Amino acid sequence: MSQPRAVITGIGVVAPSGVGADAHWKSVLDGSSKLAPITRFDASGYPVSLAGEVADFDPDEYVTPRLKVATDRWTWHGFAATQEALDDSGVDLSAMDPYDTAVALASSSGGNEFGQGELQSLWAEPDGAVSVYQSIAWFYAASVGQISILHQLKGQCSVLVAESAGGLDSFAQATRTVRRGTKVVLAGGTEGPLSPYALTCQLATRRLATGTDPDTAYQPFAAGAAGYVAAEGGAVLLVEDLDHARERGAVIHGEVLGWGATHDGRASRPGDGGDTGQVARAMRVALERAGRQASDVDVVFPDALGVPECDRVEAEAIRSVFGDDVRVTTQKGRLGRMYQGGAAVDVATALQAMRYDTLPATPGLTEPAPGCELNFVTEPTTQRTSLALINARGFDGYNTALVVGRYEEES
Amino acid sequence: MNHRRVVVTGVGVVAPGGVTREGFWSTLTAGRTATRKITFFDATKFRSRVAAEADFDPVAAGLTAQEIRRADRYVQFGLACAAEALADSGLELDEKTLDNTGVVMGSAVGGTMALEDEYVAVSNTGKNWLVDHTYAGPFLYQALVPSSLSADIAHRYGTHGPTQVVSTGCTSGIDAIGYAWHLVQDGEADVIIAGASDSPISPVTVSSFDAIKATTPENDDPEHASRPFDATRKGFVMGEGGAVLILEELSHALARDAKIYCEVTGYASRSNGFHMTGLRPDGLEMAEAIRVSLDQGRTNPSDVDYICAHGSGTKQNDRHETAAFKKALGDHAYRTPVSSIKSMVGHSLGAIGAIEMAACALTIDRNTIAPTANWANRDPECDLDYTPNTAREADVDVALSVGSGFGGFQSAMVFSRLKEAS
Chain A
1 MSQPRAVITG IGVVAPSGVG ADAHWKSVLD GSSKLAPITR FDASGYPVSL
51 AGEVADFDPD EYVTPRLKVA TDRWTWHGFA ATQEALDDSG VDLSAMDPYD
101 TAVALASSSG GNEFGQGELQ SLWAEPDGAV SVYQSIAWFY AASVGQISIL
151 HQLKGQCSVL VAESAGGLDS FAQATRTVRR GTKVVLAGGT EGPLSPYALT
201 CQLATRRLAT GTDPDTAYQP FAAGAAGYVA AEGGAVLLVE DLDHARERGA
251 VIHGEVLGWG ATHDGRASRP GDGGDTGQVA RAMRVALERA GRQASDVDVV
301 FPDALGVPEC DRVEAEAIRS VFGDDVRVTT QKGRLGRMYQ GGAAVDVATA
351 LQAMRYDTLP ATPGLTEPAP GCELNFVTEP TTQRTSLALI NARGFDGYNT
401 ALVVGRYEEE S
Chain B
1 MNHRRVVVTG VGVVAPGGVT REGFWSTLTA GRTATRKITF FDATKFRSRV
51 AAEADFDPVA AGLTAQEIRR ADRYVQFGLA CAAEALADSG LELDEKTLDN
101 TGVVMGSAVG GTMALEDEYV AVSNTGKNWL VDHTYAGPFL YQALVPSSLS
151 ADIAHRYGTH GPTQVVSTGC TSGIDAIGYA WHLVQDGEAD VIIAGASDSP
201 ISPVTVSSFD AIKATTPEND DPEHASRPFD ATRKGFVMGE GGAVLILEEL
251 SHALARDAKI YCEVTGYASR SNGFHMTGLR PDGLEMAEAI RVSLDQGRTN
301 PSDVDYICAH GSGTKQNDRH ETAAFKKALG DHAYRTPVSS IKSMVGHSLG
351 AIGAIEMAAC ALTIDRNTIA PTANWANRDP ECDLDYTPNT AREADVDVAL
401 SVGSGFGGFQ SAMVFSRLKE AS
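Sequences listed follow chains A and B, in order.
The first sequence maps to residues 1 to 411 in UniProt numbering.
The second sequence maps to residues 1 to 422 in UniProt numbering.
Derived by calculation from the structure, the hints in this document are not laboratory data.
One or more of the hints may lead you astray.
[Stated by the list, open to error] Simulated restraints on C-beta separations: (1) B:W129 <-> A:E410: 29 to 35 angstroms; (2) A:G181 <-> B:K315: 31 to 37 angstroms; (3) B:A65 <-> A:T381: 52 to 58 angstroms; (4) A:A95 <-> B:R335: 28 to 34 angstroms.
Being a predicted model, the structure only gives us computed values, none of them experimental.
Note that the Cβ used here is the ideal one computed from N, Cα and C, for glycine as well.
Construct all of the structure, not just a fragment, from the sequences and the given hints.
In structure tokens form, the structure reads like this:
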């Protein structure tokens, strides 16, 4: 008996590009920068002034007052992205055995804004203490726990924290879970890296861009690349057992075909962009597991860190697997780096590209840096798109590649 | 679907009371408690002021000066556990095996100890919301992201296989080993350095559990503060530590004639969909996790020889899991020795699940069951055999361990003595 196939039937995006898959796709095609001066706090004392915030997000649309006080903004985005994905999928969870449903999300750093507030409550006064919600709002499993409770998802749940690569690992884990018999698994992740203390932590890597122009601050692969701009938000998608999806007549956005995860096995250091061979191996393993050739791939969504040495390593790895011709596109320069959430957003973008047979552009990339030459999509391009490879690299040394394809009856 | 078989070939432990595998085993088999008054900081203002602290010396554990500078305490535990487990396994990591060797560790709260220390400096003791980044240390990002735990182990050994940190609160340890088990089963790796680590004994975490009254308020007699399943228990006692198991594909282990502690024959996690911290007394979801994990290895409930309990020492937990054992094992639950090693080494959050799996591997290897220390008074609702106070020799071929955590997660894992290796 062949193993169950895992397809994606729901897309929920809550990102600087907008709330909902349609708003996201419109932003991505439009290509204008969603980076802007930080409004979550007064950032004038920090060397970084820009971020990708989820503008016009009203948590009350998605989160009850009782839950809102007990959770961080990162979890609110998780609730919202989950709701969007479930609505999009049309699945009726109440008609299912709760053990057949699960949630596997990634998170880099948990409930930062909430946690900083609690640290302040504890430390600012001699008799200070944290609130009753600190123990359930700050830790990395908060979003998955809350989402599983809210939607009664009682199957195998997972929380993966492999820095930015975990956003793709969650799709692999959701697929493993489906292959072991669970019917639906939410995958992806959101992030909330925009509090003063969380920003301070990120500054320590010296990889954040300090530019102030939203169009040029974060330019992965470009000659002017000088680091990345952090962003909040992400995406949650519904991964579903194919038979289950077909029985209920679901719209199938695509299929999770394969993945590969490797590690550089050495620490990231300034000037060292990682292990080209291991970045490439993640992609090769993903293709092999998918049963596809490099030449079958229509588009690659790179990790696109925007740190020159890392971009060079990734570009070289992509060329070594695909040659010079494969189409490559990234919107991270205009949306910011959502860490785990960003990889999940790229999965959403890839599925939309297949749906509309259109490759979104990499806005503003006119002059690739030496060593970063790839066949970048510079204008939105109508093109039959059936197979995409997405890369995500995590600090420090994590590499994951995921292959998603248009759903075909014969696999 | 035919999965590959996976065995445990190495064990490394850092635990309070004994910071090596053998030190840990000696603590357990002596029934010695490692709980004491908190010494890491002045805990006067807190409700719970006892903890199980590890007397860990990173230099003695073989860490380099740079690892010690870079890595938060929980990562140092992880490095020490990995070194001990790898040495125990006798595995030679060469160029050929490194690509197929992964690292999967669990942690509930990651680098909160370093994060809090640095927070105090950059916020000037909580005075400023807009913290001063110029006072931050160079490795602060490593503290923010718990991915550092597995990354640092991968860096040390140059492993290139799948690498992950699993963070499902207090079930992180079991879930990380379960994740690793799946990877080896599916052929994604041949060897995984798998385990968990946590060092939560810092003011913010102590305050967090104070706030919800989960930890014990009894501070006068630290050695007897952790009393799982005893009618007079008052809450859990926080601990710290880590454990690493070397998970290896069976034929890979056989080919190199490795010592095999046991086989991983089952793992499942279920969520209660009920409450982030509350448990319904029926233990339904934990029972389901146990049922599924036994079923995977075609293990009859009556074959279970030992249960390594979550046994945190909160009233709701002890009753919840006692009900779960009865539901999953039926009458056999009454005949099965159960124990909580948290009575001795405390509750090290995400780490303890891996430490308990290390205990299960040693239990099968050495046919000795660790006791529940500090047990004196029967709770009418906890009426199983909790192996009170004294270790017991017994043939243990199948050990079941469970974990229960915030978020509603209930996990179960089964280790079995290796039967025919075909």
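Hint check results:
1. B:W129 <-> A:E410: 29 to 35 angstroms: violated, 58 angstroms
2. A:G181 <-> B:K315: 31 to 37 angstroms: holds, 35 angstroms
3. B:A65 <-> A:T381: 52 to 58 angstroms: holds, 53 angstroms
4. A:A95 <-> B:R335: 28 to 34 angstroms: violated, 40 angstroms
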